[in-house]
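Number of protein chains: 2
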Amino acid sequence: MQLAELSLRSAVSIATIKYYLRSGLLLPGERITATQADYGEHYVHRLRLIRALIGVGRLPVSVTKEILDAITASPDDPDEAMVKVLSAGSAAQEHNGAEGAATSAKPNTSGVTDARSLIAEMGWCVRRAAPATKDLGDSLDALTELGVDIGWQTLLPYAQLADEISKLDSHQIHGVAGASLQAQQAALVTVLLEPVLLALRRLALEDKLSRQNAEESRKAQ
Amino acid sequence: MQLAELSLRSAVSIATIKYYLRSGLLLPGERITATQADYGEHYVHRLRLIRALIGVGRLPVSVTKEILDAITASPDDPDEAMVKVLSAGSAAQEHNGAEGAATSAKPNTSGVTDARSLIAEMGWCVRRAAPATKDLGDSLDALTELGVDIGWQTLLPYAQLADEISKLDSHQIHGVAGASLQAQQAALVTVLLEPVLLALRRLALEDKLSRQNAEESRKAQ
Chain F
1 MQLAELSLRS AVSIATIKYY LRSGLLLPGE RITATQADYG EHYVHRLRLI
51 RALIGVGRLP VSVTKEILDA ITASPDDPDE AMVKVLSAGS AAQEHNGAEG
101 AATSAKPNTS GVTDARSLIA EMGWCVRRAA PATKDLGDSL DALTELGVDI
151 GWQTLLPYAQ LADEISKLDS HQIHGVAGAS LQAQQAALVT VLLEPVLLAL
201 RRLALEDKLS RQNAEESRKA Q
Chain C
1 MQLAELSLRS AVSIATIKYY LRSGLLLPGE RITATQADYG EHYVHRLRLI
51 RALIGVGRLP VSVTKEILDA ITASPDDPDE AMVKVLSAGS AAQEHNGAEG
101 AATSAKPNTS GVTDARSLIA EMGWCVRRAA PATKDLGDSL DALTELGVDI
151 GWQTLLPYAQ LADEISKLDS HQIHGVAGAS LQAQQAALVT VLLEPVLLAL
201 RRLALEDKLS RQNAEESRKA Q
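Line by line, the protein sequences give chains F and C. For the first sequence, this note's numbering assigns the number 1 to the initial residue and increments by one for each residue that follows. For the second sequence, this note's numbering assigns the number 1 to the initial residue and increments by one for each residue that follows.
Hints listed in this document are in silico derivations from the structure and should not be mistaken for laboratory results. Hints may contain errors.
When chains are identical, the list treats them as one kind, so a pair holds in a single copy or across two.
Said to hold, decoys possible - Heads up, simulated SDA-like pairs for lysine to any residue below, C-alpha to C-alpha not over 25 Å straight-line:
1) 134 to 109
2) 167 to 121
3) 18 to 40
4) 167 to 154
5) 84 to 163
6) 208 to 14
7) 208 to 80
8) 208 to 116
9) 18 to 221
10) 167 to 211
11) 84 to 123
12) 167 to 157
13) 167 to 122
14) 167 to 153
15) 84 to 21
16) 84 to 120
17) 219 to 88
18) 167 to 156
19) 65 to 2
20) 84 to 60
21) 208 to 154
22) 208 to 157
Here the structure is a predicted model, which is why all the values come from computation and not from measurement.
Next up, chain F with everything else stripped away, as it sits in the complex (with noise of 0.2 Å):
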């Protein structure tokens, strides 16, 4: 098929196609006139998971070019494609600009500090310089700053739900019927399922905000 019918069928702008085409998300289409290419079925496929990554799953180019390129080389390998999300670092770093780089450069590291007895105290075995501590690191610090006293203990129930969620999501991730395309499984759930999370969680918060002013609202009667 021809730009134009890969933008309908993709529900991708024919000007964000050329700019994937141009940063190498996407490989040129065969040439057939010195202006037209032809574009095969599969890349339709490669431009939901594009926009899915980057546009849900807030990912940027760089990072996103690693994960596709991860899940070509091993198409049924979902381990590579997963420790390529996880060593990316979170979408948070990456699209912070100078308020992301002053917060980067803060001396303080009480925060990292609280983050790994928290993964200690949880027994978990990740890798020293995961992005993951460093960000929960930094939390904590602008936490603290604003003088909301979270520590690593405040911390110990939440972690043991997500580590709950992390089993829930190993389940989704390895537990598919036949192992193909098991690293594609493996990059979407580990990236698409973070804002999943999050509105699941603010839903619940206005499930007890809207409780609480209900009771409120008897009591006052």
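Mind docking chain C on chain F? Use the hints.
For chain C alone, coordinates are given in the frame of chain F:
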């Protein structure tokens, strides 16, 4: 103090402080000469708060301003600040450019239907227009399109864990000694625990991955 000292004390660059002043996130300081202004001690705290919401929480400037206004208007009412945060929609939606728009424009809303089924099954009391419902639906649509079959039944155990998390959050927000600054506490806990939760899940996932690799190596011997 003058601008240079405020910048040092808050670890926010002068250029960024000037941007916050222009965008109304910070009120102007007290003019002392035609070119200089004096900033009180509370500016340091306010700047840390802004940096946390924008830098760590990844909120857009417009949403940050709404939350700050809610905190300033009723500093001891945590609920109003939480409503603002929960109504603002996720950072994901705001940060998406062309990709986000393309995702929003697609007509398929089976994800939103699934999200409503899940909310009903959980018995969550949320507004029908809660932005988190749409976020959840969009993420589910993206996964479905990519062949990852995660219906609302599969998400049920995730929703139950999210419910447990929201109970911990509620305790953090309301269980604090002294009612003062509860609005700020509510906004910070709601927003800044998001990156904390994602970091905890990634650490737990890395743990599961490395345990499984160790197990496979043991079996292969």
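Verification of the hints:
no. : hint       : verdict
1   : 134 to 109 : within (9 Å within a copy, 37 Å between copies)
2   : 167 to 121 : both (18 Å within a copy, 22 Å between copies)
3   : 18 to 40   : within (16 Å within a copy, 51 Å between copies)
4   : 167 to 154 : both (22 Å within a copy, 13 Å between copies)
5   : 84 to 163  : within (20 Å within a copy, 30 Å between copies)
6   : 208 to 14  : neither (44 Å within a copy, 40 Å between copies)
7   : 208 to 80  : between (39 Å within a copy, 14 Å between copies)
8   : 208 to 116 : between (31 Å within a copy, 17 Å between copies)
9   : 18 to 221  : neither (62 Å within a copy, 49 Å between copies)
10  : 167 to 211 : between (30 Å within a copy, 12 Å between copies)
11  : 84 to 123  : within (23 Å within a copy, 37 Å between copies)
12  : 167 to 157 : both (16 Å within a copy, 11 Å between copies)
13  : 167 to 122 : both (14 Å within a copy, 21 Å between copies)
14  : 167 to 153 : both (22 Å within a copy, 17 Å between copies)
15  : 84 to 21   : within (22 Å within a copy, 40 Å between copies)
16  : 84 to 120  : within (23 Å within a copy, 36 Å between copies)
17  : 219 to 88  : neither (50 Å within a copy, 29 Å between copies)
18  : 167 to 156 : both (17 Å within a copy, 14 Å between copies)
19  : 65 to 2    : within (23 Å within a copy, 45 Å between copies)
20  : 84 to 60   : within (13 Å within a copy, 28 Å between copies)
21  : 208 to 154 : both (20 Å within a copy, 23 Å between copies)
22  : 208 to 157 : both (18 Å within a copy, 18 Å between copies)
When held up to the earlier numbered hints, the structure conflicts with 6, 9, 17 and fits the remainder.
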